[in-house]
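Asks: Each chain, written out:
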Amino acid sequence: MSAVAVGPPLWLLFELTYRCPLQCVFCYNPIDFAATQDELPTAQWLRVLREARALGSVQLGLSGGEPLLRDDVEEIASEAHRLGYYSNLITSGVGLTQERLKEFKRVGLDHIQLSFQDSTRELNDFLSHTRTFQLKERCAEWIKASGYPMVLNCVIHRLNIDHLDSIIDMAVRMGAEYLELANTQFYSWAHLNREQLLPSRAQLERAAEITRDWRERLQGKMRILYVVPDYYEERPKRCMNGWASTFVTVTPDGTALPCHTAKMLPGLSFPNVREYSMQDIWLHAEGFNRFRGQGWMKEPCASCDERDKDLGGCRCQAYLLAQDAAATDPVCAKSPRHAVVVRAVEQAQRVNVPDSGVREQPLVFRRKENSVSLSHLGANENRTPSQ
Amino acid sequence: MTRPVIRPGFRLQWEPVQNAHVLLYPEGMIKLNVPAGEILKRCDGTRTLDEIVVELETAFQRTGLKDEVTHFIAGATSSGWLHP
Numbered sequence: 001m002s003a004v005a006v007g008p009p010l011w012l013l014f015e016l017t018y019r020c021p022l023q024c025v026f027c028y029n030p031i032d033f034a035a036t037q038d039e040l041p042t043a044q045w046l047r048v049l050r051e052a053r054a055l056g057s058v059q060l061g062l063s064g065g066e067p068l069l070r071d072d073v074e075e076i077a078s079e080a081h082r083l084g085y086y087s088n089l090i091t092s093g094v095g096l097t098q099e100r101l102k103e104f105k106r107v108g109l110d111h112i113q114l115s116f117q118d119s120t121r122e123l124n125d126f127l128s129h130t131r132t133f134q135l136k137e138r139c140a141e142w143i144k145a146s147g148y149p150m151v152l153n154c155v156i157h158r159l160n161i162d163h164l165d166s167i168i169d170m171a172v173r174m175g176a177e178y179l180e181l182a183n184t185q186f187y188s189w190a191h192l193n194r195e196q197l198l199p200s201r202a203q204l205e206r207a208a209e210i211t212r213d214w215r216e217r218l219q220g221k222m223r224i225l226y227v228v229p230d231y232y233e234e235r236p237k238r239c240m241n242g243w244a245s246t247f248v249t250v251t252p253d254g255t256a257l258p259c260h261t262a263k264m265l266p267g268l269s270f271p272n273v274r275e276y277s278m279q280d281i282w283l284h285a286e287g288f289n290r291f292r293g294q295g296w297m298k299e300p301c302a303s304c305d306e307r308d309k310d311l312g313g314c315r316c317q318a319y320l321l322a323q324d325a326a327a328t329d330p331v332c333a334k335s336p337r338h339a340v341v342v343r344a345v346e347q348a349q350r351v352n353v354p355d356s357g358v359r360e361q362p363l364v365f366r367r368k369e370n371s372v373s374l375s376h377l378g379a380n381e382n383r384t385p386s387q
Numbered sequence: 001m002t003r004p005v006i007r008p009g010f011r012l013q014w015e016p017v018q019n020a021h022v023l024l025y026p027e028g029m030i031k032l033n034v035p036a037g038e039i040l041k042r043c044d045g046t047r048t049l050d051e052i053v054v055e056l057e058t059a060f061q062r063t064g065l066k067d068e069v070t071h072f073i074a075g076a077t078s079s080g081w082l083h084p
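Top to bottom, those sequences are chains A and B. In terms of this note's numbering, the first sequence opens at residue 1 and continues consecutively. In terms of this note's numbering, the second sequence opens at residue 1 and continues consecutively.
Errors might be hidden in some of the hints.
Claimed, not checked - Using 27 Å as the maximum straight-line C-alpha spacing, the simulated BS3-like pairs for lysine-lysine come out as follows: (1) K309(A) to K263(A); (2) K105(A) to K263(A); (3) K298(A) to K368(A); (4) K144(A) to K237(A); (5) K309(A) to K334(A); (6) K105(A) to K66(B); (7) K31(B) to K309(A); (8) K368(A) to K66(B); (9) K31(B) to K66(B); (10) K263(A) to K221(A); (11) K41(B) to K66(B); (12) K298(A) to K334(A); (13) K263(A) to K368(A); (14) K237(A) to K31(B); (15) K31(B) to K221(A); (16) K31(B) to K41(B); (17) K368(A) to K309(A); (18) K298(A) to K41(B).
Claimed, not checked - FRET-style restraints, in silico, Cβ to Cβ: (19) D67(B) to D213(A): 47 to 53 Å; (20) P300(A) to V5(B): 31 to 37 Å; (21) D169(A) to A20(B): 50 to 56 Å.
If you're looking for bench data, these hints aren't it; they were derived computationally from the structure. Here the structure is a predicted model, which is why all the values come from computation and not from measurement. Ideal Cβ positions, reconstructed from N, Cα and C, are used throughout, including at glycine.
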């Protein structure tokens, strides 16, 4: 692997905790999150910050779970500011108070991204299985009033995509400067619930039209980032800008990963920051080097003239859909396993008719009991749970 | 007389590891080339466009930079890097 030039890990993501009061059905946290009990102590997070900064990390995400369930986020943000990071707090709003907001501002936190699940209280609260809509509205007001750039995020999928117009309208009314509308990517909990979450082509076409209209109307006053689900693409996404090229995640227990879902891949070992320095991890860890560059590629990627563009797509998706982490991402029309994606897309064209006799599977909420039972059953992420 | 200034929420800084100025914003980063870094560094709300041009011409012993700087600042404004 010495042939691969390794650049700096520009993006550092701290998943400070897997604890979260929300139970979102599309959560990308691992199915077995309940197995993690031993969260890194503050001093370790601070050490990782310093080591990664020396390697060139400059964007810091503070996420989770719900990061605000920890009481040391302010301290971590403060050190991040001192070191020259641009720090992003990614929150559901639960745990945010005006006092904490004031402290974040004081210590130099740069930006807060607030998530909504929908523009209606009913669906927001259903999808997250919590009564949080009004709390989020209040948080949005506070964030705006404290002078932060207002960034709203709403994960889009089959169940809320028809509300897109009112979701964008809500963001405008809240004075957002950015609105991130990312369609669910199908990993972890979203993969379990894929059948209920993958939108139809007609839904996506309408959503694209609505987004286009709003963009014209807003003329850059609010920027809308809209990401389509890659199942509808003919070529895979350039996942993480290339394996271990730009991005490093540290999970609540200190495991370092080249992307937030990589831990699901079998046969790869990922180091813990309690035992290794960030420099050791970034440059030498087997799990980081495994898919760097292009030496690992098989056909059809290995001789494909588009391999520099998409780098073979996503390793986790290759594993989830083709049971081989080194395979071509099955989203690619050139993949011998592309039929798996085509079938899922075909199925998504069904019309939801209550009495059609087609029985929908129940949604699986991201909650501790489900995590425990799904992990104990040895269910891998390919299996949809039986009732 | 407008005095170009970097938009709130954006931050310009020098990154030794990248040997470049970068512009940081919510969940994003733009790595700047030398001219872009030199211009943006002077967009601190205290200098007018003409003053920025004069400073750059002096610093780099060049003349006739006005068009280039004006063009860059217009682009940076429409990209949302500078306060409109």
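Asks: It remains to establish, for every hint, whether it holds in the given structure.
Replies: These are the hints, each one checked on the structure:
1. K309(A) to K263(A): holds (25 Å)
2. K105(A) to K263(A): violated (34 Å)
3. K298(A) to K368(A): violated (38 Å)
4. K144(A) to K237(A): Roughly 33 Å between the alpha carbons, so the hint for K144(A) and K237(A) is violated.
5. K309(A) to K334(A): holds (14 Å)
6. K105(A) to K66(B): violated (38 Å)
7. K31(B) to K309(A): Holds, because 20 Å separates the two Cα atoms, which is no more than 27 Å.
8. K368(A) to K66(B): violated (62 Å)
9. K31(B) to K66(B): holds (23 Å)
10. K263(A) to K221(A): violated (39 Å)
11. K41(B) to K66(B): holds (16 Å)
12. K298(A) to K334(A): Status holds; Cα separation ~12 Å.
13. K263(A) to K368(A): holds (19 Å)
14. K237(A) to K31(B): holds (22 Å)
15. K31(B) to K221(A): Holds, at roughly 24 Å.
16. K31(B) to K41(B): Given pair K31(B), K41(B) holds - Cα atoms ~13 Å apart, limit 27 Å.
17. K368(A) to K309(A): Violated, because 39 Å separates the two Cα atoms, which is more than 27 Å.
18. K298(A) to K41(B): violated (46 Å)
19. D67(B) to D213(A): 47 to 53 Å: violated (36 Å)
20. P300(A) to V5(B): 31 to 37 Å: violated (51 Å)
21. D169(A) to A20(B): 50 to 56 Å: violated (40 Å)
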